[in-house]
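**Student:** So the sequence lines, in the order shown, correspond to chains A and B. Reminder that position 43 of the first sequence reads as 43 in the numbering used here, one-by-one numbering, no gaps. Reminder that position 211 of the second sequence reads as 211 in the numbering used here, one-by-one numbering, no gaps.
Derived by calculation from the structure, the hints in this document are not laboratory data. A few of these clues could be false.
If several chains are the same, the list does not tell them apart, and a pair holds so long as it fits within one copy or across any two.
Unchecked claim - With a Cα cut of at most 25 Å, we get these calculated PhoX-like pairs of lysine-lysine: (1) 55 <-> 183; (2) 4 <-> 62; (3) 55 <-> 4; (4) 30 <-> 367; (5) 387 <-> 424; (6) 395 <-> 30; (7) 193 <-> 232; (8) 121 <-> 248; (9) 9 <-> 384; (10) 237 <-> 121; (11) 424 <-> 386; (12) 232 <-> 290; (13) 121 <-> 386; (14) 183 <-> 395.
Letter by letter, the chains look like this.
There are 2 protein chains.
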Amino acid sequence: MAQKPSIPKGTRDFGQVEMARRNYIFNTIKGVFALYGFQQIETPAMENIGTLMGKYGEEGDKLLFRIQNSGEKAAAAPEKGLRYDLTVPFARYVVQHREEITFPYKRYQIQPVWRADRPQKGRYREFYQCDVDVIGSDSLIGELELIQIVEEVYRRLGIRVCLHINNRKILAGIAEVIGAPDKMIDITVAIDKLDKIGVEAVNAELIERGLNNDQVAALQPILNLSGTTADKLMVLKTILANSETGLKGVAEMEEVFALIEATGVQLNIELDLCLARGLNYYTGAIFEVKALDAQIGSITGGGRYDNLTGIFGLPGVSGVGISFGADRIYDVLTELDLFPQALQSTTQLLFATFGEAELRYALSWAKELRARNIAVEVYPEPAKMKKQMGYADEKAIPYVAIVGSNEMETHTVMLKNMTTGEQKQVTLDELCTIL
Amino acid sequence: MAQKPSIPKGTRDFGQVEMARRNYIFNTIKGVFALYGFQQIETPAMENIGTLMGKYGEEGDKLLFRIQNSGEKAAAAPEKGLRYDLTVPFARYVVQHREEITFPYKRYQIQPVWRADRPQKGRYREFYQCDVDVIGSDSLIGELELIQIVEEVYRRLGIRVCLHINNRKILAGIAEVIGAPDKMIDITVAIDKLDKIGVEAVNAELIERGLNNDQVAALQPILNLSGTTADKLMVLKTILANSETGLKGVAEMEEVFALIEATGVQLNIELDLCLARGLNYYTGAIFEVKALDAQIGSITGGGRYDNLTGIFGLPGVSGVGISFGADRIYDVLTELDLFPQALQSTTQLLFATFGEAELRYALSWAKELRARNIAVEVYPEPAKMKKQMGYADEKAIPYVAIVGSNEMETHTVMLKNMTTGEQKQVTLDELCTIL
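In isolation and in its complexed conformation, chain A is listed as follows (with noise of 0.2 Å):
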């Protein structure tokens, strides 16, 4: 009758060590977002299929996990499907609740979404978002407390980053002065291989892509563009001088810039022209952060979108958001060795005993202890005392109280250190100092 257990590929389980490890993550995220006025919602894991579909391209209509009503009234149900990302439940939550919501509304949410992927390494079919907007005000202080976020975070910790940030108006603004508005997604892809390719090969693909030798040429001071983010705007300035749109993308910029310094923001921050996230509701500012000491891609990223609860009947409010990648951040702080030493275990003290007497007398130790808020086990039998000790090994409790008779008759344990080795017998009153 057994059956060999496994679960669907691209899923995973979280064993002890890393469910501590995505805790510490999320409860160092969550923190952050608190000292903002950034409250937590859920929305449910299933979504109707007309809320989902035509929200994500061709492409992922196709990698939604449909959900197959059981019962007898299966076929009169309507459908439904597994959350595909945080931002689409968010917009219709928005719409659905308008009237119980304060405006400008903060909001984070932290839960799985489910794509039907081909699963390879690194991407999963069920992986958790880590969502955070602001919504229903075009201030541009939404896109201060954000790179704020970003910088406290990183801080906290221990990530060395680096944040790129461009503007969709400047984008938009490119492609509208060189007389290829409908180009500006080819010309950021062709422009963000600049490092890699130089600028004979970017030039080369821009012809590729559709635009000609004058509007190449238009584009060259922009890759040129170098020196401080002021000299920068400044060219841009110029270049975008018969854009109203693209003026606008730099006029956003200036006052995002003036704020970093205003509140004295110490994170690396560039202004990057070849920046264009793929989402195509972002109508303003769009970050991507990256950390520097490990090749990784992007851990962060968002923008600013003028119209996402349009679809659901509620136009022209604006918002800024960005998505921590949980999974991403695990191996950039697994790979930098950065995760705190004590997430290992829990609990302080095992107690190891000698026979059943010693197990009564351990458990009102533990009752004692835990009534003090520390975490204390009981092992759960008399077993061999190397067996007990291999428990504590195990699971990285570092300290062993081991009570025998003598222990029970002087009212004592003996303690031993775990990491030491050292060995001493002590009072309740000695052992709740040294815990």
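Given the structure of chain A, go ahead and fit chain B onto it with the hints provided.
**Tutor:** Just chain B, lined up with the frame of chain A:
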């Protein structure tokens, strides 16, 4: 184009107030679990359909949500279903990871489960379970620790409860000694109604359920059981004298009650021979916890099982576990008005400003406060003061710091206590002291 947004029947959105309350429940429970060395794991939302099918009875199979495969290779991919409870995935986890696990294995798991039940008041298609188990030991210290956990969780939550305890071996013994070993469930279902319908009606129901007059007569001493736990166990020993299983059950209960007494457990505990619990994998102690001040049924339940992992190829591993019903605990705390007031908002203070310069001034103060780990918000625009104050009101933010030109000149803010209405001008240092 606009769609009217909604969510599938039987599912729920959780807004910030509900989330804060749910997190309060989960964090309280987690804090107690940690004191006893239980560690968290998570399993995927979807399991292979073979893992789930046949584990919940015919009725359960019908209530599984199945997942349709998307994409080209849909037909070839193995079928999957959404997690129906946390017990079967836990058994699968233990067998799959047995080489990495240190036994006795103490784990907890807090995740949603999905059932295609007909939605109705208090019954959802997506709801959280909160399970804690120790597996790989038949020591009754497992039972003791779960009882201590129940005591401490409800002490911390402020809910008065009674824990009902019984033992499947006693129930089996009773059925055995009256010569109806296959009628264990029928007998307990009938006895369960004793308080409501009286002895005569119970006896009639027992006959209806297939017992003969002699068997019903033999049951009378059990229906009349009263007195202390020790009294009840004494009578049971006489009644069950010829059942090895029954006597083993009595001995287990005696030991559990001895451990309870030795460790000074203060919880209301009642040996309740009418408690049966439906799940057929229980083999020893069974528990249910009821709130004394709310009519809501069981809010926590569980028991010992001797062969949960057998179906996945690992027989003979004994364990004991309980599950906290988060939704019902939420309802009890709401009904009895026991949620702490401070959960409503994490933000301590809102900056409300009269102009752009004041806004910048507020941003630099906000930075100082956040650096001291104080959660504050800056209203992102110098909107009408009424609007800014309304925002603080709706979010239940206890203090507003109003900034005008006078405050900027004197390096202060006008601090308004939103509860009392009091206002006074304070410096940054004074503000930090107040918050």
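**Student:** If a hint holds in the structure, say so; if it does not, say that too.
**Tutor:** A quick look at each hint next to the structure:
no. : hint        : verdict
1   : 55 <-> 183  : within (22 Å within a copy, 56 Å between copies)
2   : 4 <-> 62    : between (30 Å within a copy, 23 Å between copies)
3   : 55 <-> 4    : between (39 Å within a copy, 15 Å between copies)
4   : 30 <-> 367  : between (32 Å within a copy, 17 Å between copies)
5   : 387 <-> 424 : within (21 Å within a copy, 65 Å between copies)
6   : 395 <-> 30  : between (27 Å within a copy, 18 Å between copies)
7   : 193 <-> 232 : within (19 Å within a copy, 81 Å between copies)
8   : 121 <-> 248 : neither (41 Å within a copy, 52 Å between copies)
9   : 9 <-> 384   : neither (41 Å within a copy, 55 Å between copies)
10  : 237 <-> 121 : neither (43 Å within a copy, 61 Å between copies)
11  : 424 <-> 386 : within (19 Å within a copy, 66 Å between copies)
12  : 232 <-> 290 : within (21 Å within a copy, 68 Å between copies)
13  : 121 <-> 386 : neither (40 Å within a copy, 53 Å between copies)
14  : 183 <-> 395 : neither (57 Å within a copy, 44 Å between copies)
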